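Enquirer: Read off the chains here:
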Amino acid sequence: MPEANQPTRAEQNTPSEVPPPGHIDGPFDSRSIDLGRIESLQVLDEHGQVEDGLDPKYDDETLLKVHRAMVLTRAFDARMLAMQRQGQMGTFAPNLGQEACMIGQVWSLGPDDWFAPSYRSFGAQIWRGWSMEHLMRLWAGYHSGFPPPDGVKDLPFSIVIGSHVLPSVGLAMAMRRAQDAHCAVVNFGDGAFSQGSVSEALNFAAVEQAPIVFVCENNGWAISTPIDKQSGNDVLATRGLGFGVRSLRVDGNDILAMMMATQEACRRAREGQGPTLIEAVTYRMSLHTTADDPSVYRDESLVDAWKNRCPIARFETYLANRNLLSSEQADQVRAACEQEVLDARTQFRETAVAEPRQIFDHLYAEMPDELEEQRLEYLRRLDRKGVK
Amino acid sequence: MTREIHFRDALREAMSDEMRRDERVFLIGEEVAEYDGAYKVSKGMLEEFGPRRIIDTPISETGFAGLGIGAAMMGLRPIVEFMSWSFSLVCADQILNNAPKMLYMSGGQFGCPIVFRGNDGAGGQLGSTHSWCVESLYANVPGMKIIIPSNPYDAKGLLTSAIQADDPVFCLESERMLSMAGDVPEESYTIPIGKAHIVRPGTDCTIVSFGRAVHFCMEAVETLAKEGIDCEVIDGRSIKPLDIDTIVASVRKTNRCVVVDQSWSFASVGSEVAAEVHRMCFDDLDNHVYRVHSDDVPAPYAWNLEQEMLPNAHKICQAVRGVTYTA
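These protein sequence lines map, in sequence, to chains D and W. Residue 56 in numbering that gives the first Met the number 0 sits at position 57 of the first sequence, with consecutive numbering throughout. Residue 26 in numbering that gives the first Met the number 0 sits at position 27 of the second sequence, with consecutive numbering throughout.
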């Protein structure tokens, strides 16, 4: 029994006694609950000028390597789009305008960190060690393009929206259990954030303090659905706070901001400080995929506005101001990247064939007899048809 | 040494034996730890193995199924318990799109050695949404294996094989059998996945069944024996792969076949067995294959209607009389 002179619950609610969020035995009064803050990060403004005191001062070699990777991503993007139009690729999902997101999210990963890409992540895959010729075989549907290159810890890119986010958290939890002090980065888009499984992934990651960085590339569009139809709250990073995940919103067209944000998030994950959600705000300049025509639903003036925020042009201004890259040198990088892509295409055309005999390979670790019979019948069918 | 234990104990022994043998094995699911499992299958496991290996989760099937898949890709050996396979429907994307395809889509790089297990089929007045038989739905998908033990001995041996397997395995149990007692060796043993078992030899008609429905068949054959019909009963034990060879050898001897499958009839395990028997025993059959399934309605909630909807001894007797022209 409470004693008569004890203060009531309400009277106990002095500000100094407010418990941390998450305690259900806390006070229930009219005060708001503070879930924490969304940190917002931009280093380079739209004119390529550095915000006061924010320059991370990365070394010259790193900056030039990152610049070249962004230019190569764009050259690969343009060539793949052309190849699809010429009938050499099944489908393709362009990445134009999102090059800073791509490279920024993986640049600080080491070979023992994991990366779980989605289908628009090819720039990051190239950075991680996939050759462009390999990616061409993958996008053309050849089985030889499926496995990642030796030693590259990348999951197969996810085509089902958001489907890979939970397995990525499971993978990160398994790393932590194995006392493997590395981290995982998982990439998805604003549309994927509407999938319940992505929220479940954030929840589990927070409960387990999994060493993972969620990079949500908010490019404004899920095929034809704009962000204001996708979410009642267009600052997607706020969702992370609700789950207890450290969250920030980064200018996704600012490579320096992306590099800083992901480097810090990965460091925290590796050191056992838990997951981070990074909302990278960017814009899908091009098609959803080659099966899409945005002109039927999108006012092109919206795209024009984003052309002024080109991540590569902005970065080149910065590099020029640091006397690292003249416009002539930038042109040389562009030409060299274009040639590298053409060389990859030549190699793809010369060496790649879809091998029909591989269709049952790797379906089971231990092949069931009935399936082996089906496989043999399939091979006999190819032989009868004279397929080499 | 063999002694009599319950079905749920046999499942637990398989899991515990494998967890003692292999550090990589862990159990994850709703209520599996502190509560000893919603059906007490994991009773005492938290005490023995601790919370790092017996893991309670939020009510989030997609969540913990997906986590398990990621952990399996990293080389762990998760056992994921669904309180009911009915609840697996919410995580179809994880269990059908990720687990069975990961090895294939990574070109052999990332396997998915994972076991999903839980209660399948009508549990007894659980209503239509909680009484799913998922075997026919899921058997359509390449890349995983499906086991469906009908007794405690098979439960331990098949589940042990499943945990040791390098492929994803779905283990379909039945709430109605968890308290069934049976002789089970104390020591660990395996039963190969994909091998059927002839439960009762006979000469006049082959009855093929799976899981709980095997017991309805055994009930029926007692009645039929009194009528002079001697049935051979085959417990498939596994649905995927299906041991069609054992079934075919039996039908070539009896020349008649009845399939008893608790799923709905359309595009089902039963229709698959029938198609294969028709293909491989075309010249041996004295009659077409008869099939006994659940009626094509959602599982009723009323107990008497539920019994009527499921395969039962009466329906099986009628089918055997039909296929043997003794009706």
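Keep in mind that the hints were calculated from the coordinates and are not lab data. The structure displayed is predicted, hence computed values, not measured ones. Fair warning: there could be bad hints in the mix.
Among the chain W residues that face chain D by a calculated CB cut under 10 Å, a handful are [claimed, not checked]:
{"#": "1", "residue": "Leu-66"}
{"#": "2", "residue": "Met-101"}
{"#": "3", "residue": "Leu-102"}
{"#": "4", "residue": "Lys-144"}
{"#": "5", "residue": "Asp-166"}
{"#": "6", "residue": "Thr-222"}
{"#": "7", "residue": "Ala-224"}
{"#": "8", "residue": "Leu-304"}
Straight-line distance between alpha carbons at most 20 Å, and here's what the computed DMTMM-like set of lysine to aspartate or glutamate pairs gives [claimed, not checked]:
{"#": "9", "chain 1": "W", "residue 1": "Lys-225", "chain 2": "D", "residue 2": "Asp-360"}
{"#": "10", "chain 1": "W", "residue 1": "Lys-39", "chain 2": "W", "residue 2": "Glu-3"}
{"#": "11", "chain 1": "W", "residue 1": "Lys-194", "chain 2": "D", "residue 2": "Asp-360"}
{"#": "12", "chain 1": "W", "residue 1": "Lys-225", "chain 2": "D", "residue 2": "Asp-368"}
{"#": "13", "chain 1": "W", "residue 1": "Lys-42", "chain 2": "W", "residue 2": "Asp-16"}
{"#": "14", "chain 1": "W", "residue 1": "Lys-100", "chain 2": "D", "residue 2": "Asp-368"}
{"#": "15", "chain 1": "W", "residue 1": "Lys-194", "chain 2": "D", "residue 2": "Asp-44"}
{"#": "16", "chain 1": "W", "residue 1": "Lys-100", "chain 2": "D", "residue 2": "Asp-44"}
{"#": "17", "chain 1": "D", "residue 1": "Lys-56", "chain 2": "D", "residue 2": "Asp-44"}
{"#": "18", "chain 1": "W", "residue 1": "Lys-194", "chain 2": "D", "residue 2": "Glu-371"}
{"#": "19", "chain 1": "W", "residue 1": "Lys-100", "chain 2": "D", "residue 2": "Glu-369"}
{"#": "20", "chain 1": "W", "residue 1": "Lys-194", "chain 2": "D", "residue 2": "Asp-368"}
{"#": "21", "chain 1": "W", "residue 1": "Lys-42", "chain 2": "W", "residue 2": "Glu-17"}
{"#": "22", "chain 1": "W", "residue 1": "Lys-194", "chain 2": "D", "residue 2": "Glu-207"}
{"#": "23", "chain 1": "W", "residue 1": "Lys-100", "chain 2": "D", "residue 2": "Glu-371"}
{"#": "24", "chain 1": "D", "residue 1": "Lys-387", "chain 2": "D", "residue 2": "Glu-369"}
For every residue, glycine included, the Cβ atom is placed at its ideal position computed from N, Cα and C.
Enquirer: With reference to the structure, classify each hint as holding or not holding.
Expert: Each hint, compared with the structure:
1. For W/Leu-66, the suggested interface contact is upheld, since its CB lies about 3 Å from the closest CB of chain D, less than 10 Å.
2. Against a cut-off of 10 Å between C-beta atoms, the interface hint on W/Met-101 holds, since the closest Cβ of chain D lies about 7 Å away.
3. Because the beta carbon of W/Leu-102 sits about 5 Å from the nearest beta carbon in chain D, less than 10 Å, this interface hint is met.
4. A least Cβ separation of about 7 Å between W/Lys-144 and chain D falls short of the 10 Å threshold, and the interface hint therefore holds.
5. Taking 10 Å as the C-beta cut-off, the interface hint given for W/Asp-166 holds, the closest approach to chain D being about 5 Å.
6. The restraint placing W/Thr-222 at the interface with chain D is violated, with a minimum CB-CB distance near 34 Å, outside the 10 Å limit.
7. A distance limit of 10 Å between C-beta atoms decides the matter here; for W/Ala-224 the minimum to chain D is near 33 Å, and the interface restraint is violated.
8. For W/Leu-304, the shortest C-beta to C-beta distance to chain D is roughly 34 Å, which exceeds 10 Å, and the interface hint is violated.
9. About 51 Å separates the Cα atoms of W/Lys-225 and D/Asp-360, which puts this hinted pair outside 20 Å; it is violated.
10. Between W/Lys-39 and W/Glu-3, the direct Cα distance comes to roughly 18 Å. Compliance with the 20 Å bound is thereby established for this hinted pair.
11. Between W/Lys-194 and D/Asp-360 the CA atoms are separated by roughly 23 Å; this puts the pair beyond 20 Å, and the hint is violated.
12. At roughly 39 Å between alpha-carbon atoms, W/Lys-225 and D/Asp-368 are farther apart than 20 Å, so this suggested pair is violated.
13. Restraint check for W/Lys-42 and W/Asp-16: satisfied, since their Cα atoms lie roughly 14 Å apart, inside the 20 Å limit.
14. Our distance criterion of 20 Å between C-alpha atoms is met by W/Lys-100 and D/Asp-368, whose separation comes to about 19 Å.
15. Between the alpha carbons of W/Lys-194 and D/Asp-44 the distance comes to roughly 67 Å, so the proposed pair goes past 20 Å and is violated.
16. Taken as a hint, the W/Lys-100 and D/Asp-44 pair is broken in the structure, with Cα atoms around 44 Å apart against an allowance of 20 Å.
17. With a C-alpha separation of about 16 Å, the suggested pair D/Lys-56 and D/Asp-44 falls inside the 20 Å cut-off, and the hint holds.
18. For the hint pairing W/Lys-194 with D/Glu-371, the CA-to-CA distance comes to about 16 Å; that is within 20 Å, so the pair holds.
19. The straight-line distance between the Cα atoms of W/Lys-100 and D/Glu-369 is roughly 18 Å, inside the 20 Å bound, and the hint therefore holds.
20. At roughly 11 Å between alpha-carbon atoms, W/Lys-194 and D/Asp-368 fall within 20 Å of each other, so this suggested pair holds.
21. At roughly 16 Å between alpha-carbon atoms, W/Lys-42 and W/Glu-17 fall within 20 Å of each other, so this suggested pair holds.
22. For the proposed pair W/Lys-194 and D/Glu-207, the alpha carbon gap of about 40 Å is over 20 Å, so the pair is violated.
23. Of the pairs offered as hints, the one joining W/Lys-100 and D/Glu-371 holds, with about 17 Å between alpha carbons and a cut-off of 20 Å not exceeded.
24. Proximity of D/Lys-387 to D/Glu-369 is assessed by CA-CA distance (about 25 Å); at most 20 Å being required, the pair is judged violated.
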